[in-house]
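Peer 1: As you go down the protein sequences, you meet chains A and B in turn. Per our numbering, the first sequence starts with residue 169, numbered consecutively. Per our numbering, the second sequence starts with residue 169, numbered consecutively.
Keep in mind the hints are simulated off the structure, nothing from the lab. It cannot be assumed that every hint is accurate.
Put simply, identical chains are the same to the list, so a pair is met inside one copy or across any two.
As the list claims (entries may be wrong) - Only pairs whose alpha carbons sit at most 30 angstroms apart, straight line, appear in this in silico DSS-like list of lysine-lysine: (1) Lys701 with Lys295; (2) Lys684 with Lys295; (3) Lys220 with Lys295; (4) Lys556 with Lys586; (5) Lys586 with Lys684; (6) Lys347 with Lys220.
Source: prediction; values computed, not measured.
Number of protein chains: 2
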Amino acid sequence: MRQSSLFVNTLRDAPSEAEAASHQLLLRGGFIRQLAAGVYSYLPLGWRVLRKIESIVREELERAGAQELLMPALQPAELWRQSGRYSVYGPELIRLKDRHDREFALGPTHEEVIASLVKNEIGSYRKLPVTLFQIQTKFRDERRPRFGLLRGREFLMKDAYSFDTSWEGLDRSYKAMYKAYARIFERCGLNFKPVEADAGAIGGEGGTHEFMALAEIGEDTIATCGACDYSANLEKAKAGPEEAASPEADEESAQPIHTPGARTIEEVARFLQIEPKDIIKTLIYLADNRPVAVLLRGDHEANEVKLKNVLGVEELALADAATTAAVTGAPTGFVGPIGLQIPILADSGVLGMGSGTAGANKADYHCRNVVPGRDFSVERTGDFRNAKEGDRCPHCEAGTLQFHKGIELGHVFKLGTKYSEALNARFLDSNGREQTMIMGCYGIGLSRVMAAVAEQKRDERGLIWPLALAPFQAHIIPVSSKNETQMRTAEELYGRLRSLGIEAILDDREERAGVKFNDSDLFGIPVRIVVGKDAENGRVEFIERGIGESEVIAAEEAVSRILNLYSPKPD
Amino acid sequence: MRQSSLFVNTLRDAPSEAEAASHQLLLRGGFIRQLAAGVYSYLPLGWRVLRKIESIVREELERAGAQELLMPALQPAELWRQSGRYSVYGPELIRLKDRHDREFALGPTHEEVIASLVKNEIGSYRKLPVTLFQIQTKFRDERRPRFGLLRGREFLMKDAYSFDTSWEGLDRSYKAMYKAYARIFERCGLNFKPVEADAGAIGGEGGTHEFMALAEIGEDTIATCGACDYSANLEKAKAGPEEAASPEADEESAQPIHTPGARTIEEVARFLQIEPKDIIKTLIYLADNRPVAVLLRGDHEANEVKLKNVLGVEELALADAATTAAVTGAPTGFVGPIGLQIPILADSGVLGMGSGTAGANKADYHCRNVVPGRDFSVERTGDFRNAKEGDRCPHCEAGTLQFHKGIELGHVFKLGTKYSEALNARFLDSNGREQTMIMGCYGIGLSRVMAAVAEQKRDERGLIWPLALAPFQAHIIPVSSKNETQMRTAEELYGRLRSLGIEAILDDREERAGVKFNDSDLFGIPVRIVVGKDAENGRVEFIERGIGESEVIAAEEAVSRILNLYSPKPD
Chain A
169 MRQSSLFVNT LRDAPSEAEA ASHQLLLRGG FIRQLAAGVY SYLPLGWRVL RKIESIVREE
229 LERAGAQELL MPALQPAELW RQSGRYSVYG PELIRLKDRH DREFALGPTH EEVIASLVKN
289 EIGSYRKLPV TLFQIQTKFR DERRPRFGLL RGREFLMKDA YSFDTSWEGL DRSYKAMYKA
349 YARIFERCGL NFKPVEADAG AIGGEGGTHE FMALAEIGED TIATCGACDY SANLEKAKAG
409 PEEAASPEAD EESAQPIHTP GARTIEEVAR FLQIEPKDII KTLIYLADNR PVAVLLRGDH
469 EANEVKLKNV LGVEELALAD AATTAAVTGA PTGFVGPIGL QIPILADSGV LGMGSGTAGA
529 NKADYHCRNV VPGRDFSVER TGDFRNAKEG DRCPHCEAGT LQFHKGIELG HVFKLGTKYS
589 EALNARFLDS NGREQTMIMG CYGIGLSRVM AAVAEQKRDE RGLIWPLALA PFQAHIIPVS
649 SKNETQMRTA EELYGRLRSL GIEAILDDRE ERAGVKFNDS DLFGIPVRIV VGKDAENGRV
709 EFIERGIGES EVIAAEEAVS RILNLYSPKP D
Chain B
169 MRQSSLFVNT LRDAPSEAEA ASHQLLLRGG FIRQLAAGVY SYLPLGWRVL RKIESIVREE
229 LERAGAQELL MPALQPAELW RQSGRYSVYG PELIRLKDRH DREFALGPTH EEVIASLVKN
289 EIGSYRKLPV TLFQIQTKFR DERRPRFGLL RGREFLMKDA YSFDTSWEGL DRSYKAMYKA
349 YARIFERCGL NFKPVEADAG AIGGEGGTHE FMALAEIGED TIATCGACDY SANLEKAKAG
409 PEEAASPEAD EESAQPIHTP GARTIEEVAR FLQIEPKDII KTLIYLADNR PVAVLLRGDH
469 EANEVKLKNV LGVEELALAD AATTAAVTGA PTGFVGPIGL QIPILADSGV LGMGSGTAGA
529 NKADYHCRNV VPGRDFSVER TGDFRNAKEG DRCPHCEAGT LQFHKGIELG HVFKLGTKYS
589 EALNARFLDS NGREQTMIMG CYGIGLSRVM AAVAEQKRDE RGLIWPLALA PFQAHIIPVS
649 SKNETQMRTA EELYGRLRSL GIEAILDDRE ERAGVKFNDS DLFGIPVRIV VGKDAENGRV
709 EFIERGIGES EVIAAEEAVS RILNLYSPKP D
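Based on the sequences and whatever the hints tell you, model everything.
Peer 2: If you want it as structure tokens, here you go:
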């Protein structure tokens with residue numbers, strides 16, 4: 169491609185709306201443009217990158233035995249009603265009516281459609297297992313689109329669905345996808361980690377993993393063990409057992425104590441000269457609109473995902489002050505477990521305390537020597553808190569947990585029979601008995617992968633694309649467009665590389681060298697060949713973007729280095 | 169691919185909702201499935217065909233110098249208001265509101281978005297011309313979706329847009345696309361014709377062509393000349409000059425004649441024993457709600473597209489009986505031009521008549537010897553009628569016009585400045601003066617191409633895909649899955665073909681031969697290799713689907729024939 173014809177316009181400054189570095193650089197380099205909040209056009213440079221990601225995804229999915237198809241974006245609301253998601257999905261689901269007033273949803277995902285499709289095509293165990301995938305534009309009306317392609321409302325996604333006759337079969341399908349995902353992200357040059365994630369009420373242990381790109385801007389927190397390979401999303405991560413500090417049996421009874429104005433854990437601790445970990449934190453939640461109390465050690469945070477799972481509810485939110493007062497008789501900040509008439513869930517950390525200080529359910533009062541079991545009864549105990557940095561690893565119990573920020577690139581999920589039940593996707597087994605298909609689903613956000621790579625691979629001057637994703641493979645820049653030798657050498661190189669199948673771009677514009685170099689930095693093409701005054705001697709500058717120094721070498725040597733860089737490596 | 173794993177389910181009978189042969193066979197062969205009216209899933213077989221069409225389109229567009237990008241489906245209503253189309257487009261445009269109540273349209277086409285994009289990226293003539301394209305799912309809420317993929321509500325389309333600094337530049341961009349389109353449809357194996365089409369108020373002569381696949385089921389009528397290469401959509405086609413039958417000067421004045429109950433042209437002709445071509449047909453239209461009279465020779469049909477263009481109106485419809493009576497004083501069937509107080513448009517065929525019989529604007533009466541100019545005045549004359557089969561060719565004036573039915577595969581269109589004006593897409597010319605960009609737009613319905621090929625390439629047993637589009641390139645069918653020699657030979661062939669880069673499918677199912685052959689007919693794979701009892705002697709049956717007889721040849725010979733069939737041919 170000749171750069172003079174390329175539809176691109178680099179920007180000197182980052183548009184003010186762009187917070188994330190990837191977003192800034194994708195805009196500045198002319199890869200994407202915003203049309204509306206969370207809705208982007210991919211300009212030719214960006215589209216070339218996205219198509220390379222798409223090819224890698226397609227190749228690896230096919231290698232794993234999945235078959236590609238394409239389902240519609242327009243989905244009859246009826247299907248979503250069958251699965252029960254039409255009401256649950258909320259405003260993220262874009263709804264519309266056609267000219268005959270029939271309701272449709274714009275597909276954010278396709279479990280309903282594929283289950284209904286497979287139900288009609290497959291009737292026997294002989295045609296199972298099957299894994300199907302599509303690469304398609306999805307729609308999700310995010311409350312707060314942000315970070316450019318990282319959280320958009322219209323985005324390119326690969327979604328795959330597996331159908332098996334048994335849970336063991338699902339395990340195999342799941343593992344095949346897991347392996348394909350690892351290969352995909354490796355080939356995209358990403359620094360990533362598969363982490364255990366929350367599977368909700370379905371799926372059980374090991375039932376879902378997320379693949380996370382490590383990046384400061386990531387909206388997820390990942391807990392990893394320094395000693396073993398345990399890695400989990402914070403919403404799922406457990407803490408290993410605490411040092412067995414056998415709690416002192418507190419013989420004293422619970423005693424009220426005046427704590428005027430001390431509402432937060434920190435205030436109470438300071439006022440009473442105790443540690444936060446000696447305080448029993450009491451939170452009043454509304455779980456599907458019914459109040460429950462949740463007790464945590466003062467230095468621990470509630471994990472609402474875990475709570476929702478154990479309560480089996482769809483909505484969980486902290487009660488407001490009025491509700492809290494109605495349920496406990498006390499203002500927020502002085503709530504405690506004693507005398508509560510609602511179910512009490514205690515995190516196991518609380519039981520490990522022996523006794524502690526809790527709110528007295530009376531304004532400006534707390535209670536000392538509160539002992540679970542003695543002073544109040546616990547309906548349910550378990551792991552209801554977030555792991556903390558420094559917690560012991562739940563897997564090896566030797567290492568401690570460290571936290572990182574991550575961008576979710578994809579997920580693999582054991583769905584089980586949720587959708588096949590709802591949509592009646594059954595088959596006859598080898599005994600002629602009707603069974604329900606066991607499903608898995610597997611998603612990758614392709615446009616998000618692009619942004620995650622941009623987030624990880626950059627310097628202060630622009631992007632540094634990995635070889636496999638670069639919009640062009642070599643950038644040829646004659647220093648002076650007025651110098652005939654330079655232009656001729658550059659043209660020859662351009663022709664030669666193209667004839668060898670290398671995607672080369674020649675900066676044939678009449679621009680100052682500085683302008684060309686700045687644009688080249690923004691494009692982030694892995695190899696740059698600068699044709700300057702050494703062209704007189706048949707030599708050019710060879711630079712790998714983001715790697716080491718430039719070298720002056722013979723033009724032909726540059727060609728063979730490029731070929732070598734891009735020649736396929738053995739697996 | 170092993171057929172036992174392929175996600176497909178052939179149907180013995182055509183579903184009752186399918187009228188078109190292509191629709192029936194695409195359903196029966198397991199290529200597509202309907203999700204809602206006009207909304208289809210592409211199953212793996214169909215998706216493979218569509219991806220091949222996509223590749224051809226992409227290659228030819230790139231060869232023509234166009235650059236690929238991707239624009240969003242969600243388009244802010246504001247852009248459509250700027251172009252004035254938000255109100256004009258009608259219920260075909262799917263509208264929705266996001267969670268913040270902002271209005272969006274689901275893109276049926278992208279003139280507004282691309283003009284606004286290009287406006288922001290290009291400021292100077294130096295960056296022009298440019299042609300940009302995308303391959304994308306489009307949405308159009310058709311009043312009457314039908315014929316499967318031929319008229320859908322969600323469909324895959326390639327749309328391209330050119331931006332030039334001058335009309336001469338647009339000519340060049342247009343011709344490049346025209347040429348690319350011809351190559352695309354040739355490569356898809358279609359029997360097609362580029363035809364002149366209506367360009368509306370914009371574009372002028374030669375300003376738009378449609379590419380039509382010839383097919384009985386086509387919704388368009390094409391007029392072609394038997395002697396030259398004139399070819400036009402009926403809505404655009406002109407008739408050449410009539411035999412110069414110099415009309416007899418009619419000295420007699422117009423005379424009323426009692427024609428009780430004779431309302432239609434045929435009834436009047438029969439009653440008065442004259443020819444339809446001797447009758448002046450008078451139609452009352454509402455043009456943007458204002459009545460006009462249109463006169464035509466009795467044997468001619470009005471062409472509403474031509475009328476709309478000459479009147480410069482957006483809506484044109486025949487007036488209802490009440491309006492007709494109010495305007496003319498007569499019931500429908502007895503309307504004529506004499507004494508009308510509304511504008512009269514006369515097709516030039518009427519002027520060629522000299523005199524004729526027309527309605528008398530009085531129930532049960534017509535008038536004889538009605539002479540235009542003498543008995544009524546004509547505000548406008550011109551070509552307001554449909555060409556007829558047998559009309560003289562307007563181009564060579566030697567041949568006569570013949571009619572065919574066609575499916576519109578694509579169109580190329582000189583837009584001019586309609587959208588660049590509305591969206592302010594301007595550039596500075598070489599003199600530093602601001603100018604408006606000159607646009608062209610170019611569309612191909614990819615899913616419709618697939619259906620058109622299916623409509624043209626089939627026999628009573630199933631589809632016959634052209635080599636370039638076949639979902640698989642060779643179908644290997646062992647006659648008996650229990651015969652070891654056959655299975656081994658088939659497996660060897662399968663492995664050998666795959667290693668040579670041929671997309672082979674092996675029917676490894678335990679099915680009767682008849683079932684396998686029926687499915688193979690439905691799949692329509694161009695080459696079939698049947699491994700039967702001759703396998704003992706290393707021989708197989710070689711059949712080109714839809715072409716000639718089967719031959720028994722050595723297995724290795726079959727391999728080389730296949731390689732030869734699929735080896736790239738020089739341009």
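Peer 1: Now look at each hint and say whether the structure bears it out.
Peer 2: To see whether the hints hold, each was checked on the structure:
When the C-alpha separation of Lys701 and Lys295 is checked against a cutoff of 30 angstroms, the pair qualifies only between copies, where the shortest distance is 28 angstroms, while the shortest distance within a copy is 66 angstroms. Taking CA atoms no more than 30 angstroms apart as the test, Lys684 paired with Lys295 passes between copies only; the shortest distance there is 16 angstroms, against 57 angstroms inside one copy. Taking the shortest alpha-carbon separations for Lys220 and Lys295, only the inter-copy value of 26 angstroms comes in at or below 30 angstroms, while the best intra-copy value is 32 angstroms. In this assembly of identical chains, Lys556 and Lys586 lie within 30 angstroms of each other by CA distance neither inside one copy nor across copies; the values are 33 angstroms within and 61 angstroms between.
Taking the closest pair of Cα atoms, Lys586 and Lys684 never come within 30 angstroms of each other, the shortest separation being 56 angstroms inside a single copy and 35 angstroms across copies. In this homomeric assembly, Lys347 and Lys220 come within 30 angstroms of each other (Cα to Cα) both inside a single copy, at 19 angstroms, and across copies, at 28 angstroms.
The structure fails to meet hints 4 and 5 from the earlier list, while all remaining hints are met.
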